[in-house]
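Asks: The chain contents come next:
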Amino acid sequence: MSEPVKNTLLFVLVGGLILLTGFMQSWNSAVLILNMGLISAIMAIGVNLQWGFAGLFNVGVMGFVALGGLAVVLISTTPTPGAWSAGGFGIVLALLLGAATVTAAVMIAQKMSKGRARTISLIAVLVLGFFVFRAVMDPNVAAVEAINPAAAGNIGGLSLPVLLAWPAGGLLAAGAAWLIGKTALGLRSDYLAIATLGIAEIIIAVLKNEDWLARGVKNVIGLPRPVPYEIDLQNDPGFVESAASLGLDPVTASTLYVKLGYSVLFLVVLLVLLWMAQMALKSPWGRMMRAIRDNEVAAEAMGKDVTRRHLQIFVLGSAICGIAGAMMTTLDGQLTPGTYQPLRFTFLIWVMVIVGGSGNNFGAVLGAMLIWFLWVQVEPIGLWLMQVITAGMPDGSALRAHLIDSAAHMRLLTMGVVLLLVLRFSPRGLIPER
Amino acid sequence: MDFLNAFVALSNFVLVPAIAYGSQLALGALGVTLIYGILRFSNFAHGDTMAFGAMIAVLATWWLQSIGVGLGPLPTALLALPIAILGCMLLVLITDRLVYRFYREQKAKPVILVIVSMGVMFITNGLVRFVIGPDDQNFADGERFLISARDFKEMTGLEEGLAIKTTQGITVVVAVIAVALLFWFLNKTRTGKSMRAYSDNEDLALLSGINPERVVMYTWLIVAALATTAGVLYGLDKSFKPFVYFQLLLPIFASAIVGGLGNPLGAIAGGFIIAFSEVTITYAWKKVLTYLAPETLEPSGLVQLLSTDYKFAVSFVILLIVLLFKPTGLFKGKAV
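Line by line, the protein sequences are chains S and U.
Here our numbering = 1-based position in the first sequence + 158.
Here our numbering = 1-based position in the second sequence + 50.
Since the hints were derived computationally from the structure, they do not count as laboratory data.
Some clues are possibly wrong.
List of simulated lysine to aspartate or glutamate pairs, EDC-like, C-alpha gap at most 16 Å [to be verified]:
1) S/K440 - S/E591
2) S/K366 - U/D359
3) U/K159 - S/E388
4) U/K159 - S/E454
Quick caveat, the model's predicted, so the values are computed rather than measured.
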């Protein structure tokens with residue numbers, strides 16, 4: 159079987175699995191799997207860019223995804239009345255002061271010669287800057303958070319169209335990635351992993367605790383949507399009529415319509431990004447990246463600036479994760495910092511890339527769709543399996559109850575097994591790099 | 051008097067908790083650093099190995115409690131610890147045989163092993179959640195305090211109380227014993243010496259007839275014992291929750307790297323550095339300063355540098371500083 163035929167068959171298989179969900183369970187859950195699968199595919203393209211093209215080990219995907227979500231709040235919600243005059247500008251001033259402190263510290267570290275004088279002035283600048291920052295920041299934060307804390311208490315957004323938040327999420331993630339890359343790239347691969355793991359936790363901590371930014375764990379709900387609301391569709395006689403002509407009741411038809419609307423939007427973004435990634439892979443730039451990945455020393459000897467190229471691709475890949483994060487928050491209609499977990503948002507994406515085939519964009523997309531399907535469906539399958547296994551046990555047995563309760567945790571187990579099996583028996587993934 | 055009060059308040063809220071936390075981190079970091087030194091990869095599954103060991107300890111404690119065996123004032127978990135260590139050793143030996151050995155024979159790149167350890171992490175995490183569930187489990191029993199705040203006040207007549215939890219005392223004692231045993235093993239026994247030789251220079255060690263599989267096996271056994279001890283102590287001191295162990299991964303790695311990856315002494319120092327910085331930076335200093343400063347200068351706010359929610363940020367920033375200025379860590383670690 160030739161290469162393209164095999165790959166097409168793999169994609170058809172995943173499509174078939176989703177269709178099967180539609181026939182066996184409900185079309186609603188099938189489209190839900192499709193939507194999150196598309197978003198996961200975009201995240202996987204981002205990670206594949208970093209790992210597959212350049213060999214960068216980024217385990218901070220969760221942080222960039224969350225930053226994308228933050229962008230949705232900052233771009234699309236309405237500004238809280240009075241928040242900017244009460245403390246918004248003060249907060250911006252404080253943040254600028256903080257940035258100035260860090261810049262000054264970096265300048266000192268670079269310009270002054272090594273020695274005690276440098277250490278002392280470095281510490282002095284940092285300590286002084288920190289206290290000035292806190293002195294300006296704290297009262298302004300308190301002022302903003304005091305405004306109607308039950309419903310707002312944050313500075314709100316710019317009330318721009320929500321679709322603008324997607325590129326903005328990418329920019330925000332790119333900015334963060336640039337900062338991280340500037341400090342952590344050029345270190346060994348394990349160190350980059352630990353550094354990104356840490357930065358992701360910090361981003362989540364900031365989102366959870368800085369209530370003035372996006373209400374922290376109080377969550378922002380009811381974000382604007384790029385697609386119509388179900389209730390409006392149900393009240394639209396034209397829509398009800400066309401739904402009836404398809405043999406659907408208006409409620410089901412409207413939910414499907416909305417979800418499919420999202421699917422189309424996501425598919426467009428995915429195709430654009432996939433096309434761009436594919437072009438990048440084929441271009442001289444992509445070949446250079448792979449050359450750097452395969453032999454850094456040789457690439458450097460050929461005059462390639464390895465650190466700069468790494469920074470470039472790290473920023474690009476993180477930006478793609480940010481875009482996906484913004485899309486996900488738009489789909490959810492809410493930003494809930496408490497739900498970001500590294501196993502789900504970092505390591506699962508890694509499983510997708512490895513299983514699909516690192517270094518191959520189509521592989522990443524396929525892996526994402528397949529693994530997302532498994533992630534969703536393992537739970538009902540596990541429950542069914544447990545019921546079969548425990549069928550022989552007496553009713554009311556504690557072990558039986560425990561086994562059936564624990565079926566939900568089969569997911570992590572399955573993902574680990576899938577990852578290890580692929581790494582062992584097909585380390586290049588389902589669609590290997592060409 | 052004010053000075054004494056300030057010192058007692060400082061001990062109560064900063065020194066004692068930081069020493070206990072530092073011991074737990076040090077034990078965890080020792081495991082990471084040993085794996086790095088001998089098997090040459092960063093083991094992402096370490097946090098979940100700790101959780102697995104602690105889980106067996108929790109189950110064994112419940113079993114011991116149900117048959118009425120206990121240690122009186124000491125927590126029953128200490129009796130359960132050897133059982134848990136054996137269980138955890140079994141787990142790591144099985145994972146090594148089924149998973150890691152294949153890649154060792156292939157001489158796979160370290161980063162591949164890191165990804166493999168991610169898979170192991172998923173499986174161990176899933177196993178723990180499968181057996182004991184994702185919720186909080188309390189398994190500490192026995193006396194709660196060595197010294198309670200009230201007793202201390204009565205004893206000394208000071209305004210401030212000093213409370214030392216039994217679990218904090220046990221943490222330090224057990225950690226000291228574990229570290230002493232480890233260093234005795236590494237420095238005095240034949241196997242320990244061959245482990246150090248293997249870590250220093252693999253080829254030379256192989257030439258002098260050291261059996262690598264044996265070294266690797268002993269490493270895993272020691273790592274399992276250390277991880278279980280760290281996990282049980284942390285669970286006793288705080289509480290057992292599978293997800294928390296995953297989050298400990300960051301401070302543990304920070305400790306190991308700050309000290310110098312591959313260097314056991316560095317791991318211990320790193321653990322205490324991280325613990326003390328986390329606690330001092332997130333502690334509200336108002337109480338201590340009120341005693342020390344003259345009345346006119348009394349602080350109005352809490353004098354807390356960072357909220358406790360940012361404790362990860364502290365270990366992270368220290369990690370970054372060390373990586374930028376001294377990439378091999380404070381003690382000389384491996385620079386690959």
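Asks: Would you mind marking each hint as holding or not holding in the structure?
Replies: Here is what the structure says about each hint:
Pair hint S/K440 plus S/E591 holds up; C-alpha atoms about 12 Å apart against a cutoff of 16 Å. Distance hint between S/K366 and U/D359 is fulfilled; the C-alpha atoms sit about 9 Å from each other, no more than 16 Å. The straight-line distance between the Cα atoms of U/K159 and S/E388 is roughly 52 Å, outside the 16 Å bound, and the hint therefore fails. Between U/K159 and S/E454 the alpha-carbon distance is near 15 Å, which keeps this suggested pair within the 16 Å criterion.
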